[in-house]
Every structure is written in C-alpha cells, then in structure tokens.
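**Student:** Please model the complete structure; the sequences and the hints are all you need to start from.
So the protein lines, in turn, are chains A and B. Just so you know, we're using the working numbering here: the first sequence kicks off at 1 and counts up by one. Just so you know, we're using the working numbering here: the second sequence kicks off at 1001 and counts up by one.
Keep in mind that the hints were calculated from the coordinates and are not lab data. Glycine is no exception: its CB is placed at the ideal position from the N, C-alpha and C atoms. Check each hint, because a few of them may be wrong.
To be verified - For lysine-lysine, the following DSSO-like pairs were computed, each having C-alpha atoms within a straight-line distance of at most 30 Å: (1) A/Lys302 / B/Lys1189; (2) A/Lys110 / B/Lys1218; (3) A/Lys558 / A/Lys489; (4) B/Lys1218 / A/Lys2; (5) B/Lys1218 / A/Lys152; (6) A/Lys515 / B/Lys1017; (7) A/Lys506 / B/Lys1014.
Unchecked claim - Partial list, computed: chain B residues near chain A (C-beta under 8 Å): (8) Glu1013; (9) Val1058; (10) Ser1083; (11) Val1123; (12) Arg1128; (13) Ile1145; (14) Ser1198.
Here is how the chains run, residue by residue.
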Amino acid sequence: MKTHQFEVLVVGAGGAGLMAGLYASRTAKTAIISKLYPTRSHTGAAQGGVGAALGSSEEDHPEWHTYDTVKGSDYLGDQDAIEFMCEEAVDAVYELEHMGLPFDRTAEGKISQRPFGGHTNNITGKPVMRACHAADRTGHMILQTLYQQCIKNNVNFYDEFQVVDLLMTAGKASGVVAIEIATGEMHVFHAKAIIFATGGHGRVWEITSNAYAYTGDGVAITLRRGIPAEDMEFFQFHPTGIFKLGILITEGVRGEGGVLINGKGERFMERYAPTVKDLASRDVISRAIYLEVRDGNGINGKNYMYLDIRPETVNHYAAIDGRKRPDGRPYVVTGEEILGKLPDIVDFCRVYLGVDPITQPMPIQPTAHYAMGGIPTNQYGEVRKDENKNIIPGLYAAGECACVSVHGANRLGTNSLLDLIVFGKHAGLRAAEYSRTADYQPLPEDPTAFAAEQLTRVMEGDGSENAFDIGNEMKKIMFDDMGVFRDEKGMQNALNKIRELKERFKHVRVQDTGKIFNMDLFNAWELGNLLDLAEVTTVSALARTESRGGHSREDYPKRDDENWLKHTFAFMDESGKIELKYQPVTITRFTPKPRVY
Amino acid sequence: MQVSLKVFRYNPEKDKKPRYETYKMEADPTDRVLDLLEKVKGYEDGTLSFRRSCAHGVCGSDAMRINGSNKLACKALVQDFGSKITVEPILGLPVIKDLIVDMEPFFDNFRKVLPYFINDDPVPEKERYQSREDRERFDDTTKCILCAACTTSCPSFWASDEYLGPSAIVNAHRFIFDSRDQGAAERLKIMNEIMGVSRCHTIFNCTLACPREIQITKAIGEVKKALMTGSLE
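**Tutor:** Okay, structure coming up:
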C-alpha cells in the first residue's frame, strides 16, 4: 500500500474534474485521479454546445436563460443556483475562449451560437441562439482545452487509478482509496479536501448514449458512506439516439433546422409543442415519440422515428416557420453547410447506419442520456449530508455526479457543459480555500479495509452467476419499466428484479485473478455500483406519485406542486436498506406554472 | 453470420510469450469489433483485457490492429472485415496485457510539443475575435482524440519512440496555425529538432489510420513548409 498526501484531491478528469483541478491547483497542492486517461472522459462526447447568453447574433439575457432553465427543470431546480449558473455562464464561456478553445465564429469573428431545445427569447417565446459551439464536438474541445491547460500548469495526474472508497474521519472527508489499474496496487490518498467529479450512470439502461465508463462510481461510493443521493428518479432520455445503438445525435441537428418525422410523414412535434416544435425540451419530445409509436405512427410501424436534416426538408419547414438568418434573409441551407456544422453526426450515421444524413433521414429513438440527480451540493460544490442543508466539511462534488440542483426534473440541452465549467470551477476554488485553513484529518485505522472487502466479494463468490448476464438483465428491465413512461406496476416489477439481481450478484466470481489490468474485477465492481443506483432510482421513483420532467407516470399524469415541489434525498444504510427524505425546492423569482412549449 | 475472431493474448503474470486465441461466434454484420470483444469477455474468457469507453469513436481508448490496420474497435464493423478477424495491439508501444499497451511514451511526446494555448497579452473583457478563415485554418487538427492510431502506424515511430510521431505534430499544428496563439516560434523549434518532422517520410500510414479522418500527412507537410519558409502563410 502506498500513501500520498495532497491538500485537494479531485476524483474524475472530465470537464468538471479538470476545471476543479485547474482552479484548485493555483493555490493548493492538488492531484487529479481518474480511472481513464483524462481525454477519454465522457465530456468529450458532448456535441451541440455550451449555453450562455452572450448575445453574439441576437438579443439575449442571463435572466432569460435562468427562466428557461427553471421552466425546463419543471420547477424542480433550485432557483438561486440556476440564477448563479446562468449569470456565471457568460464569463465562463469567455474564459474558455481565453484558454484557446476554438469556438466556431460569426461573420464578425465572435463566438458563434445556435438555437437549442427549450432556450427561448422570453418575449416572443421563439428559439434563441444561445448554444456556443465548436462544430458538433463542443465537449471534445472543452475536454481537450482543459486538459491542455492542466498540462500547461503542471497539474498532478494519477491516470488509470480506480477510486473505490471515500474515507471520512470525525464527520469530515479525509481521503480516498484507489487502485492503480496497471499494477493492482492499493493507494491511499490523504487529503484535506476531496472533489468528486465522476460523471453519470447511464449504463444502468439498455439503450444509452453513455460511455462504458459511466457507472456512477462517485454516487455509489458516497451512498455506501452514508451520504444521500438526490433526485435519482430524474434521468433524462434524449429523444434522438441512433436507433438500437443509442449513440447521441445532437439537438444541434434540430437547432440547425432538422425536424422529426413520423411514419405518416408528419412533423408530429407541431401537435405537442406548437410554438417551438422540434426545439421543445427533451422530456417533452421523448414522450411525444413514445406516444406516436403507441399510436402506430412509428416508421414502418416500428419503435423509431426519423430525424431529417436533408437540406430540402430543412428549407421547406424553415420557410413554413418563417425562420430568418440574423441578417434578416430567409433561412436556407445547403448540404455542404450541414456537413460543415455537423461533421461528426454525418460520420456516425455513415459508419453505424450506412445512412448519409445529407440525402437520407436518420432513424432515431430515445436514449438514456443524463443524470439530473446525484450527490447533493450547494452552488459552491459543498456536499450536503442531509435534507437540512448541513454540509460535510472537506467534501465537494461537481458535474454530472452532483445535484446542485440546477437541472431539476429535466435538464436543458447545453446546460450540462455549462454545469461542468461553472460548478467545477467553484468547487475547485472553494476546496482550495477550505484547505488553506483546514488540517489533515487523521486517516481511519485500516483505511483500505472496506475497499478490500468489496473487491474480495467479487473475487470469492461461488461463481454460479455470470456478471455479464446480470448486467444485461438490469439494463433491459430498467429500459422497459424505468424509462420514458412509468407506472406503479412496472416500477415495482423493476424493483423486484433489481433486488433479485443484487442477490444473484453475490454469487459472481471474476475469472481474472491477476493484478495487472484486471478489468474483469473492475467491471464487476462497477456493476455493483450500477445495481445500487438502479435500486435507488427505482425506490425514489416509486415514491414520487406525480409526473414532472423526466419522471413521467401514467398512473399519476399530472404535476403535483402541492405535495411534490421537493427534492428526494435517498439514504442507504449499511444493510443496503433505502430510506427517503425530502428537501423543499428553493423558489426565488419564478412561481411554478404549467409548462407549455 | 459466423465469425472467427483471433485475438492476441498476453498475460505477463502467466505467459512467457504472447499467443493467439481464436473464438467462434454468431455476429451481425453491423456489430462492432468491440461488441465481439465484449462478448468474448462476458461469456468465454473474463481475463481478456482491453481499454474502451465511449464505444462510438470519440474517446480514443480502443485503438487496435484489426486485420493488420489500425482502427478503433468501436468504429470497425464486422461487415468491413468479413468472417475472419484478427485483433492485435497497436505497434511500437510496449504491450502490457492482451490488447493494452503502455501509452506513456505516446503521451510524453504529446507533452513535449507545448500542446496548449499560449498568449500572454492581457485578456479582453469578452472573446478574442477570430475570422472564420483563421478559425478554419486549423480546424482539421482540432479533431485529434489522442488515440495513437496514427503514431503507432508510423514506421519512423516503430524505429524509435523518441520520434514525436504524427499525433504530437498534429497537436503542435493545431496551435501553430491558430491566429490567436503566440507560441509558434517555440513549437517550430521543437518540430525542427532531430526527432521532429524530419523523421516523417510521407508514408501516409498515419492519414489512413486516423479514425477522425484528419489529413495528417498534409498537416505535417504544412509544419515542414513553415520551417523551410519561416512563414505561416
């Protein structure tokens, strides 16, 4: 066992982790630990843009962004935190540009912006250009730029180290336990402040846009240490994943004029969101697709729709909508322009579908995409230990693994990249500030015991169960019964199944007994995380007897502000039993009202 | 269709030398080679080790040699390789286990080229302006995902991993030709060193290997030209 000491320790090297590490390292001795090489992080898969009211090409205001985000969250987002994020957004995006991020440009040389779902001009209600983008690889450029800046600033990295436990001493964070993947050796990182930035857990579901690495490690680790998970029932299904594969097709496609078409050739979103149509919020569109499929309006009667970005289609509907360019000319595109703006999407479709989106429509279906819920924090990244806003000294979380909550029941497109840079930065600053005056807590006796116990369990099972099967069964039941639409019966069915799978998981034994790159062992441990999060998600969802944002119940189809304008806090005790508590939503300026697009 | 998947295996804790295992399985023509590897790992041999994450060609984890060419396993479809598929680790980096190689020499080279934005002027209140033409100038090289498919397809790199290699040069190019950046002179000096661009003999393996379709040989040529002419035009 090796021991290291850092004032600030960041777990995870995606957008939030790199931003936190970059800021913390300016004043504190900092290290970033990641199970992947930093540039492999899933931030790099984000496509369409990062939201900020720069007003490059048309009028926009952070207040409008705030309102859109509150509305998008179906009023479950905490309005103080949302206002903070949207105000900070403008400087945060300029800062990325100052770090060299190659944004696309307007004709005048400003940062180029495109329309995105749910982002509106608050006076007209029409879509506004707020998504700052670098082609359709904005996340890639953010990830690369932040990693480059970390190299420039000599930030310490521990690449391919799997963090498996959080250490706490006297109610404060004191370290983490990690395993060096290349050697299998245990390392204890002793720290004053620890920032979790471990990303999401979309691998709970069968069809997902998420990376294999998205196994919710941070949330699972903290849950096992008695820290609650907030609003886990809210998981976003992005309406446009590649059929069967789930690979994301950015909302930027619709921002550039693409439309959704059903099996009858109808632009069906006109019926569900008459004002913004194909640029409605993601939950609204995913539900519309399911309803269309149920009515027999899928393509060839199947469970998918077409997303159509062919120039003739775009120009046809742009003319009907009266869409104009910023200079007032009618909005008309060519195939070449589409290729220039969405090169990766075109490439994905050609590779995986053999479809050329310039000449053929893309078959799409909703795909599990984003965790609105996670480790509860305030707007400075400080982790809350309970529903009464008490914090855990020295512990921070940021990015998708955290729940601030700015996304509430449904995240707006472009707000995830924004969340990373704003809250990653503030968590880094706050952790460094804390570490200036805080002392190192003594490490607990036998710090690696709990981690070793977890790993031993999957090494020494009786081997009568196969982890791969358990994983597939979990993904299937969660997609079928805990997807876009839910009801009591289905959710109970899913919960029973997950509990059965958790029992069966105890019999798993990994085949690889080696030390070096034992991916068999890590993947099994990750599956344990997914199972825990699947259970917490389902328990939280069953209790919430209303429909709000990404949690849509057929047996309770209405939003119930009287009883449910509150955040779920799920606690897991040592025996694995889950208890739910609740925290009221913070409402400052915007009184909840019906959500219409 | 029936596929025979032949995989390079090496477990340093057990094997004296590398060996090959062949796995026969049912596959769809549109399955990714990565899907096949996952299947082997899930049902045939849990010890099979390889890196992977995003599974759609943007994270750069799973570069490997498939039927002799460098590919991302997640972007390589069965239908493009037929019923006999051989998967081996990328060349020129030490094999650690099965399909996993030591990436450190690769990232060391990346870090040598000052792969970050340099501009010491005071920052403006808003963005630095840049024309669309200036932005377009280096667009192609911003696409690099550091998968190492190019560098490990390069015979000059096979001869010596001291050679910076195509990927590091691509990342230098991304900044040298960015009109906002001020570090070009320093980077060009590095490019001009003995293990810099002069080791590129325009074999084009890198360009063929790039899963992001970056015109790598062209980018290296532009760096060479900048060195010869002393101009970034």
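**Student:** Hints first: check each against the structure and report whether it holds.
**Tutor:** So, going through the hints one by one against the coordinates:
1. A/Lys302 / B/Lys1189: Roughly 59 Å separates the two Cα atoms, so the pair is violated.
2. A/Lys110 / B/Lys1218: 28 Å, holds
3. A/Lys558 / A/Lys489: It holds: about 18 Å lies between the C-alpha atoms, which stays within 30 Å.
4. B/Lys1218 / A/Lys2: Measuring from Cα to Cα gives roughly 46 Å; hence the hint is violated.
5. B/Lys1218 / A/Lys152: 27 Å, holds
6. A/Lys515 / B/Lys1017: Judged against 30 Å, a Cα distance of about 18 Å means the pair holds.
7. A/Lys506 / B/Lys1014: Answer holds: A/Lys506 to B/Lys1014 is near 28 Å, not above 30 Å.
8. Glu1013: Check passed: Cβ of B/Glu1013 comes within 5 Å of chain A, closer than 8 Å.
9. Val1058: Holds - the Cβ of B/Val1058 comes within 8 Å of chain A, reaching about 5 Å at its closest.
10. Ser1083: 19 Å, violated
11. Val1123: The hint holds - B/Val1123 has a Cβ within 8 Å of chain A, the shortest such distance being about 5 Å.
12. Arg1128: Holds, because the Cβ-Cβ distance from B/Arg1128 to chain A comes to roughly 6 Å (cut-off 8 Å).
13. Ile1145: 7 Å, holds
14. Ser1198: Violated. Min distance 25 Å.
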